[in-house]
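Q: The primary structure of each chain is shown beneath.
Number of protein chains: 2
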Amino acid sequence: MDKTLCPRFEKAMGLLSQRWTGLIIYQLLAGPQRFCHIESAVGVSGRVLSERLKDLENEGIVKREVFPETPVRIEYSLTEKGRALEPVMREIEKWSKTWLTDNGV
Amino acid sequence: MDKTLCPRFEKAMGLLSQRWTGLIIYQLLAGPQRFCHIESAVGVSGRVLSERLKDLENEGIVKREVFPETPVRIEYSLTEKGRALEPVMREIEKWSKTWLTDNGV
DNA sequence: ACATTAACTTACTTTATGTAAGTTAGTATA
DNA sequence: TATACTAACTTACATAAAGTAAGTTAATGT
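Listed in order, the protein sequences are those of chains L and S. Counting from 1, one number per residue, gives the positions in the first sequence under our numbering. Counting from 1, one number per residue, gives the positions in the second sequence under our numbering.
Source of the hints: derived by calculation from the structure; they are not laboratory data. Keep in mind the model is a prediction, meaning the values are calculated, not measured. From the three backbone atoms N, C-alpha and C, an ideal C-beta is built for every residue, glycine too. Be careful, since some hints might not be right.
What the hints assert, rightly or not - Stretch-level coverage of chain S by chain L, calculated; a stretch enters the list once three of its residues show a Cβ under 8 Å from a Cβ in chain L:
1) 5-11
2) 23-33
3) 49-56
4) 92-100
With these hints in hand, go ahead and build the complete structure from the sequences.
A: This is how it looks when you write it as structure tokens:
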């Protein structure tokens with residue numbers, strides 16, 4: 001192995017290329033949301049969503065806020081670092097609109 | 001489940017969020033390259049690289065060219081559709097430079 | 001005839017993800 | 001008092017994806 005890639009780029013790509021992570025961040029661009037809402041909107045299983053949100057919190061990309069109501073309400077939102085990924089998402093959006101078709105293909 | 005995501009965006013993210021795919025495309029932005037060069041530059045195993053290149057060829061993102069020399073030379077390069085992903089990669093690069101540190105963290 | 005080289009494949013192990021049931025905490029209802 | 005309800009997780013177990021290393025192929029060169 002003689003890697004030539006920038007380690008920061010590699011790290012960034014490593015984050016985004018975990019399954020579901022990109023869609024979760026994209027979904028959170030719409031604003032703070034609860035666990036079960038993200039789960040159904042994105043179509044990810046609770047097991048993996050739980051794991052991903054923890055990772056993203058550790059990376060400082062997502063913030064978790066607890067509201068002690070009944071039943072407890074917990075909201076996830078993007079930090080500044082997380083919102084900074086919006087241009088990435090917009091470019092993916094642009095590419096997909098230009099190069100992918102809407103039907104099953 | 002009541003998904004709210006654009007199916008084309010989902011498809012695009014599905015492609016990019018396969019492990020290694022993003023790094024392979026990024027690596028190919030530097031120009032046409034052979035199998036074993038990509039393998040060592042990116043650090044992906046031959047088994048998975050083979051699989052990914054096939055997928056990307058099927059998606060019309062990567063082109064495979066055979067040069068009947070000895071031993072045979074095969075070069076992989078990005079198609080127009082593939083090169084159109086450059087802005088995505090540049091935004092990820094920007095984000096990683098702004099928000100990630102160079103050391104192990 | 002044997003060695004060499006790139007580009008794969010195959011067989012097998014380890015890790016990640018999907019699925020579905022179970023847990024926790026704080027009320028509300030019978 | 002006992003049971004129910006709800007969101008947010010966890011756990012246990014099954015399936016799918018990725019890592020590792022050895023093997024295959026085809027066209028020379030020694």
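Q: Work down the list of hints and note, for each, if the structure agrees.
A: A quick look at each hint next to the structure:
no.	hint	verdict
1	5-11	holds (count 7)
2	23-33	holds (count 3)
3	49-56	violated (count 0)
4	92-100	holds (count 9)
Going through the hint list in order, the structure does not satisfy hint 3, though it satisfies all others.
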